[in-house]
Amino acid sequence: MNGGFMAELNIDAYELGGFQTNCYIVSNADTGEAIVIDPSWNAAFIKGRLDERKLKCVGIYLTHGHIDHMAAMDEIRELTGAPTYASEDEEEVLGSSKVNLSAMMTAVFGKVVETKADNYLTEGDVKKILGTEMRCISVPGHTKGGMCYYFDEQHILFSGDTLFKYSVGRSDFPTGDEHALLENIREKLFVLPDDTVVYPGHGDKTQIGKEKKMNPFF
1 MNGGFMAELN IDAYELGGFQ TNCYIVSNAD TGEAIVIDPS WNAAFIKGRL
51 DERKLKCVGI YLTHGHIDHM AAMDEIRELT GAPTYASEDE EEVLGSSKVN
101 LSAMMTAVFG KVVETKADNY LTEGDVKKIL GTEMRCISVP GHTKGGMCYY
151 FDEQHILFSG DTLFKYSVGR SDFPTGDEHA LLENIREKLF VLPDDTVVYP
201 GHGDKTQIGK EKKMNPFF
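Quick note: the sequence shown uses the UniProt record's numbering, first residue 1, plus one each step.
Think of the hints as simulated: they come from the structure by calculation, not from any bench. Just so we're clear, the structure is a prediction, and the values are computed from it rather than from any experiment. It is possible that part of the hints are untrue.
[Unchecked claim] In silico DSBU-like links for lysine-lysine, alpha-carbon gap of 30 angstroms or less:
#1 56 x 116
#2 56 x 127
#3 56 x 111
[What the hints assert, rightly or not] Label-pair restraints from in silico Cβ distances:
#4 81 x 212: 36 to 46 angstroms
#5 187 x 167: 30 to 40 angstroms
#6 110 x 205: 23 to 33 angstroms
#7 44 x 214: 31 to 41 angstroms
#8 78 x 167: 17 to 27 angstroms
#9 51 x 186: 36 to 46 angstroms
#10 12 x 135: 17 to 27 angstroms
#11 218 x 173: 18 to 28 angstroms
#12 49 x 213: 29 to 39 angstroms
#13 153 x 209: 16 to 26 angstroms
We put the beta carbon where it would ideally sit given N, CA and C, even for glycine.
Let the hints inform the model, and build the full structure from the sequences given.
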């Protein structure tokens, strides 16, 4: 919080890549800063959206390391100079084309990717960015290093492929665990305020309260 006022965040969602993954640009017009969450495809397009609004990218955050969420990570890092972040438990996923699924999806993404983040995050880490604070919530299940990002003041959650509108992420990929996925959603996400707006990795936004009542997996 800055000077007693809650930072106002702008959230722009773009469906990019062969799996229509939601790439988010989260910005604060007052500070002129932005972060990119899940640079799924087309780094030039993402950079163009930042430039047209004169935003400085101060960080690139991954919810997990599957190719459809990070295919443009290395390129957007080069274009912006911003550091990249992922869960420390996702290092194996990022570094293996088999585990991050790029080896089996070359027909869609046209490349095999083995990469690493500049910085690795752990459960409970708090990043002071965009004039506010963002909390890192570790949610193994879809992959072992799934990470959600929660803005406490604004009640905004970026859930990646952990929680969707009336659904949850798959757990049958390498390092996935269905029991862990459902348990982490119950214990770490469903304890957030009911009015928390959830921005998932695919599909429409939802709210925690709605998912607690209507998600058929619970």
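Comparing the hints with the structure gives:
1. Taken as a hint, the residue 56 and residue 116 pair is honoured in the structure, with Cα atoms around 22 angstroms apart against an allowance of 30 angstroms.
2. Distance hint between residue 56 and residue 127 is fulfilled; the C-alpha atoms sit about 17 angstroms from each other, no more than 30 angstroms.
3. Distance restraint check for residue 56 and residue 111: the Cα-Cα separation of roughly 28 angstroms lies within the 30 angstroms cut-off, and the hinted pair is therefore satisfied.
4. Distance hint check for residue 81 and residue 212: the Cβ-Cβ separation is about 40 angstroms, which falls inside the suggested range of 36 to 46 angstroms.
5. Range check, residue 187 to residue 167: about 19 angstroms between beta-carbon atoms, so the 30 to 40 angstroms window is missed.
6. Between residue 110 and residue 205 the beta carbons are some 29 angstroms apart, a value that agrees with the proposed interval 23 to 33 angstroms.
7. Distance hint check: the CB atoms of residue 44 and residue 214 are about 39 angstroms apart, consistent with the given range 31 to 41 angstroms.
8. Restraint check, residue 78 to residue 167: a C-beta distance of roughly 34 angstroms breaks the suggested window 17 to 27 angstroms.
9. About 41 angstroms separates the C-beta atoms of residue 51 and residue 186, a value consistent with the hinted range of 36 to 46 angstroms.
10. One distance hint, 17 to 27 angstroms for the beta-carbon pair residue 12 and residue 135, holds here, with the actual separation near 21 angstroms.
11. Distance hint check for residue 218 and residue 173: the Cβ-Cβ separation is about 21 angstroms, which falls inside the suggested range of 18 to 28 angstroms.
12. Checking the proposed 29 to 39 angstroms range against residue 49 and residue 213 shows it holds: the Cβ atoms sit about 35 angstroms from each other.
13. One distance hint, 16 to 26 angstroms for the beta-carbon pair residue 153 and residue 209, holds here, with the actual separation near 18 angstroms.
Hint check: violations occur at hints 5, 8; the rest are consistent with the structure.
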